[in-house]
Amino acid sequence: MPSRITSSDNDSDPGASRLMTQREVADELRVGLRTLARWRSIGFGPPFCQLWRGIRYQRREVEDWIASRERHPIPAEQPENTMQNHSLADEQGH
854 MPSRITSSDN DSDPGASRLM TQREVADELR VGLRTLARWR SIGFGPPFCQ
904 LWRGIRYQRR EVEDWIASRE RHPIPAEQPE NTMQNHSLAD EQGH
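The numbering used here applies: residue 854 is where the sequence shown begins, and numbers increase by one.
In short, the hints are calculated from the structure, not lab data.
Glycine included, each C-beta is placed from N, C-alpha and C at the ideal position.
The reader is advised that the hints may include incorrect statements.
Pair ranges (Cβ atoms, derived) [stated by the list, open to error]:
(1) W905 x E930: 52 to 62 Å
(2) D880 x A920: 45 to 55 Å
(3) H925 x L886: 28 to 38 Å
(4) L904 x A929: 14 to 24 Å
(5) S921 x L872: 16 to 26 Å
(6) W905 x P926: 36 to 46 Å
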């Protein structure tokens, strides 16, 4: 049986649709199997498929879920006096 399942021969990354086990996903996310199960029970975490008696995840879905959780810090506003100090230094040739 092949180790990779692809949705199309035209996919640029055949590994992207490979099915992952719960253990592989837990390891990837650095969480325990119980945490992953709890996430499924509350509708959190990457989408999954129930196949026969096992739970599987598509790699692409896991990667998309991780990307959707990405947050970027909001830059803090610089205090006005910092900006004034830069202006004074520029005027003084520093």
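Hint check:
At roughly 55 Å, the beta carbons of W905 and E930 sit within the given window of 52 to 62 Å. At about 18 Å, the beta-carbon gap between D880 and A920 misses the expected band of 45 to 55 Å. Separation of H925 from L886 is about 30 Å and conforms to the stated range, judged on CB atoms against 28 to 38 Å. Restraint check, L904 to A929: a C-beta distance of roughly 48 Å breaks the suggested window 14 to 24 Å.
Distance hint check for S921 and L872: the Cβ-Cβ separation is about 20 Å, which falls inside the suggested range of 16 to 26 Å. At roughly 43 Å, the beta carbons of W905 and P926 sit within the given window of 36 to 46 Å.
Consistency note: the structure conflicts with the earlier hints numbered 2 and 4.
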